[in-house]
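So the protein lines, in turn, are chains A and B.
Numbering follows the working numbering, in which position 90 of the first sequence is assigned residue number 90; successive positions increment by one, without gaps.
Numbering follows the working numbering, in which position 263 of the second sequence is assigned residue number 1263; successive positions increment by one, without gaps.
Since the hints were derived computationally from the structure, they do not count as laboratory data.
Note that this is a predicted model, so its numbers are computed, not measured.
Please note that a few of the clues may not be correct.
[What the hints assert, rightly or not] These stretches of chain A come out as covered by chain B in the derived footprint (C-beta under 8 Å, 3 or more residues):
{"#": "1", "region": "55 to 61"}
{"#": "2", "region": "250 to 259"}
{"#": "3", "region": "284 to 296"}
We put the CB at the ideal spot given by N, CA and C, even for glycine.
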Amino acid sequence: MFRQKSALAKSTALILVAVIVIAAVAAVGIFTIGLPGAQQTPQLSEVRVGLVEPLSGAYAVFGNEAKQAAELIAEEINAAGGIKNLGGAKIRLFIEDSKSSADGARLAAEKLVNVDRVNVIIGAFISAHTLTMLDVTEPKKIVVMADALVDYLTARGFKYIVRLPPKASVHGATAVDFAVGVFQKNNQKIQRPVIVHFDGLFGEVTADGIYTRLRDLGIRPVDRIKYPTDITDMAPIIERIKAANPDIVFAVPYYADSIILAKAVKSLGLKVQFIAGAGGTGLADPETIKAAGDATELMTNTYSYDPFLPTEYNKQLVQKFQSRYGKLPTEAAGIIFYTLWTLKEALEVAGKTNPNNPLDGDSLMAALMSLDLQSGPAAETYPAGRIRLAPNGDNIYAQAVVLQVQNGKPVLVYPFEKATNSVIFPRP
Amino acid sequence: MFSADLFTSFIQYVVLGLMLGGVYALAAMGLALLFGVANLINFAHGEYIMLAMYMTYVVSLGFIQDPVLSPIVTVPVFFLIGVLTYLGVFKRLVTAPPLSQIAATVGILVLLRNLALTIWAAEPKAPPYTVFATSVSLGPLTIPLDKLVATVVSIAALLILYFFLERSRLGVAMRAAADDVEAVSLMGVDTNRLFLVTTGISMALVGLSGSLVMTFQAVTPTSGLLFGLLTWAIVALAGLGTVRGILVSAIIFGVADSLASGIWDPRGREIFLYGLFILILWVRPKGLFGRR
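Work out the full structure: start from the sequences and follow the hints.
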């Protein structure tokens, strides 16, 4: 009996000890991670953000706009108290010029990683340039937030890359979906499309996006014309388009070539029902309209950003950008708007979930992957209004918009349900 | 029926190419003149054309409205720029070794390109309107008026230059200097003044061609690169010598450009052009019309 009692007391004591130990461990655990206030918010003075853009050379037009946008957003984030979960850390930009070359981008990335010790890099607008940066950043686990669109960036198994804007082939497919919709609304079907595009990698991939979507719809292009970006004269190409007798022209212009194309269409009197551009820059850019005048009237183009997105924050931001820089923010600026704001959100998450090492590549990547933004500045500047990353780093909700030049101004005509103006069709 | 269509297309591309060639000829003439007469290698030639394009843009936007009228301003201003460039830089280069010429003119190239980037930023610029932005039909052919005007003005300017070089005393002195500077100098010609005027005329031609190109082109700070290479190739193909040579060589380039774009692949332009270029220079190393 005594023995039994003693055995009972022994086991009770054991259970008691176990309970006390478990409770103590749990208490310590809760104390360190669970209780608000008890947790240590990391106290960082700054987050070092590298920005690699083509500030000089052939693509300087895009790089400089991106730089302006980055400076504006960094200023806004800092003015509002920085990254709260990192103890109010400020965004500090380290801006490097890729000099519009792949080598330049790699050198810039090397400097940012090794000398400036940045925590994350945004860039480099041109996909081939971005690719060379990844050789530098991947081994060091530096996250790259790409503002370049060619599909392959997120398809090669890199671990530390995210890209928010719609990729090139999505731009191409969007142009087709839009055009098919427009023809349908007018009880017509696309039968004789011509694709004309510049021959750079981006032009090829975007045009492939157009081609593939057309093929999936059972439509065969009657001609596909590629031209060099530094083309001097579009007249022979316009004549060739005329000879193909198309009902729609899909164009992937890049830059100055959109002006030359629009002017040649006008001066040679190309009669075609519709001209739909794809690829984020081109026929409906404010600069193109300014330079080509009424030659761009009724042409459309797809973009990764819609400056007319009617959210409160976007309206206010566009106004601010315009009053500071004297121009409408377009593709290059828009991508930076939502990319930098998304980074801010990810930093807030990283500060909370991994307070000991929030700026580490893995921690930042995990934070980015955990985001599902449906409100706030990033979502309010994104065409689809939602940002959530797929495992490869692309936004699941990536969407391109279509702007049409109406009365000398670009207006939103697609997605149809969000359009501020209805499409004018056909061209006179 | 199909072959008739093809033939019409072919003629159409040739006509467009002829017009383009006329414009190219004027762009290359300034370079050929300076090289021929003063023996000066101007690597910044394309950049001067770029500057003329920007000036056309500014003038058209500012007070003339139509780029076709802008030569009223660009031609005299560029003559003046030529005179200033000569007095400031070229004067010292005429007797300098080729390496100094390259260094100095490449310096100007870099300076002008970055100046353009600073002033006009990198956005492509173009005057939005010209009354000639339309075309006329000539049977089955389409003739764009903007390019027709550019070609006619260009050919007229080359004719004037031709007669100037053939008939006027100064022109004769220029041609003589192209053959033998020392002999000309011994004949009592002030070569300094001769080169000054040559640079002025060369730049005036650049001013005019920049204006004409802007009726269908757009300008960026890197436009000089394109026109630099193109004009050099035209001059090399023609060989140093005659106005006619430049015109023919430029037309070959224009037609090749147009045919490649229209019938084959616009990207084949370069292969076609520079293949032809190598072939001709292989057969005639002095160029088609070269005298030296």
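These are the hints, each one checked on the structure:
1. 55 to 61: holds (count 6)
2. 250 to 259: With 3 residues in contact (Cβ-Cβ under 8 Å with chain B), the coverage given for the region 250 to 259 of chain A holds.
3. 284 to 296: holds (count 8)
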